[in-house]
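There are 2 protein chains.
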Amino acid sequence: MTGDPPPATDDPAPGPPAGDSTDSAPAPRGRRRGRPPRTESAGTRDRILAAAREEFSARGYEKTSVRGIAKAAGVDSALVHHYFGTKEQVFEAAIEVAFAPALNAPHAVADGPVEGVGERLTRFVLGVWDNPTTRAPLLAILRSAVNNETAAAVFRRLVAAQLLRRVAAQLDLPDAELRAELAAAQIVGTAMMRYVIKLEPLASADLEQIIARVAPVVQGHLTAP
Amino acid sequence: MTGDPPPATDDPAPGPPAGDSTDSAPAPRGRRRGRPPRTESAGTRDRILAAAREEFSARGYEKTSVRGIAKAAGVDSALVHHYFGTKEQVFEAAIEVAFAPALNAPHAVADGPVEGVGERLTRFVLGVWDNPTTRAPLLAILRSAVNNETAAAVFRRLVAAQLLRRVAAQLDLPDAELRAELAAAQIVGTAMMRYVIKLEPLASADLEQIIARVAPVVQGHLTAP
Numbered sequence: 001m002t003g004d005p006p007p008a009t010d011d012p013a014p015g016p017p018a019g020d021s022t023d024s025a026p027a028p029r030g031r032r033r034g035r036p037p038r039t040e041s042a043g044t045r046d047r048i049l050a051a052a053r054e055e056f057s058a059r060g061y062e063k064t065s066v067r068g069i070a071k072a073a074g075v076d077s078a079l080v081h082h083y084f085g086t087k088e089q090v091f092e093a094a095i096e097v098a099f100a101p102a103l104n105a106p107h108a109v110a111d112g113p114v115e116g117v118g119e120r121l122t123r124f125v126l127g128v129w130d131n132p133t134t135r136a137p138l139l140a141i142l143r144s145a146v147n148n149e150t151a152a153a154v155f156r157r158l159v160a161a162q163l164l165r166r167v168a169a170q171l172d173l174p175d176a177e178l179r180a181e182l183a184a185a186q187i188v189g190t191a192m193m194r195y196v197i198k199l200e201p202l203a204s205a206d207l208e209q210i211i212a213r214v215a216p217v218v219q220g221h222l223t224a225p
Numbered sequence: 001m002t003g004d005p006p007p008a009t010d011d012p013a014p015g016p017p018a019g020d021s022t023d024s025a026p027a028p029r030g031r032r033r034g035r036p037p038r039t040e041s042a043g044t045r046d047r048i049l050a051a052a053r054e055e056f057s058a059r060g061y062e063k064t065s066v067r068g069i070a071k072a073a074g075v076d077s078a079l080v081h082h083y084f085g086t087k088e089q090v091f092e093a094a095i096e097v098a099f100a101p102a103l104n105a106p107h108a109v110a111d112g113p114v115e116g117v118g119e120r121l122t123r124f125v126l127g128v129w130d131n132p133t134t135r136a137p138l139l140a141i142l143r144s145a146v147n148n149e150t151a152a153a154v155f156r157r158l159v160a161a162q163l164l165r166r167v168a169a170q171l172d173l174p175d176a177e178l179r180a181e182l183a184a185a186q187i188v189g190t191a192m193m194r195y196v197i198k199l200e201p202l203a204s205a206d207l208e209q210i211i212a213r214v215a216p217v218v219q220g221h222l223t224a225p
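Here the protein sequences come in this chain order: A and B.
Numbering-wise (the UniProt record's numbering), the first sequence opens with residue 1 and increments by one.
Numbering-wise (the UniProt record's numbering), the second sequence opens with residue 1 and increments by one.
It is possible that some hints are incorrect.
Because identical chains cannot be distinguished in the list, a pair is counted as satisfied if it fits within a single copy or across any two copies.
Claimed, not checked - Derived pair list, reagent style BS3-like, types lysine-lysine, alpha-carbon separation capped at 30 Å:
1. K198 to K71
2. K71 to K87
3. K63 to K87
4. K63 to K198
Honestly, the hints are just simulated from the structure, not real lab data.
Fair warning: this is a prediction, and the values are worked out from it, not measured in the lab.
When you get a sec, could you build the whole thing from the sequences and use the hints?
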């Protein structure tokens, strides 16, 4: 238990989604149990979240246990349950933090002219994948979601509700959600082939070259008539 | 041991890739051990392959064992090793059979005018994904490849060498391989979002609607200037 908690879990998105704003303070989504926290130490909470990300990354959703997370964080399992609830809820809280950079994508879409939305979104998301530090948690989420229905549901909820719906809302087109999903399919498919399967020449190609190829396609999905 | 082996493992592609054509008969890639088979029963071999597909589908690469495959096929582990070799080689043989429909994709590309290549390829691959019978083994391969480096290498080898390089060879463009990979990224990404993550509205959309959206993008990747 450190006395100097880092502020790493602050919500990076200026506008939290509706339904989470009943408190004046940003409420951590993971803590859903009724009783108030007795030892509200941001340091401990962050340490558990960091351990959870490590465990889910290394083992995937199915093989990770609350007990293993607690052990890695140096706390009792009961404290993990106290802060987050079930394993699914720990997972959701951990990937929500991991997703924080990606959740800025709607802002990347909003800032600037609509003709550049494809490039901004592509550059943003592939940039997150290209950075090993931000790639690791995304890879862990993808692995878990592909292998486990519970993890897929969490992924679906976060990606659909928090990311794609917000991108779609800014398009103002009747089929905006399908457009956003097909654009996401191109970007996620590219990330998977490049960073997970590592197909060549895609894996070694210059990122700018890939963005130059993918961005017009994403633009087309989002805004073409 | 049935006396009437089904011809399910015949090579569906008329032209096997270079390096596999030293025998006049189509040589099963999986059998690489030196000694000749004593009990060359296509029925037994097919039964082991079917069991292997089932096991890899249900458990993924890491959790599947040669022993488990042997048990599911009702044979001794030694027989599995005899026919196929290591677990990696059983996996490769199993996914090669599972990939058989997808390996017809280069022909789908070749047959017809180049302006329709995007639609033919998209229709073909999404059609394989849309059929639950042919989807199951692809899903198993994807799951294994995302989770295990050995399985990813097998996937890479098969997809890159047998599928994408053959698509690329028919394009006759200097960057044909990168084009084929980005086209594949759109198709595989769409399949993943629709059939694995099950994002809505994409998951419930009519297949023809999806093909109509994705095909022009694939066409653009493959042939646009």
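Hint check:
no.	hint	verdict
1	K198 to K71	neither (33 Å within a copy, 34 Å between copies)
2	K71 to K87	within (14 Å within a copy, 33 Å between copies)
3	K63 to K87	both (11 Å within a copy, 22 Å between copies)
4	K63 to K198	both (25 Å within a copy, 23 Å between copies)
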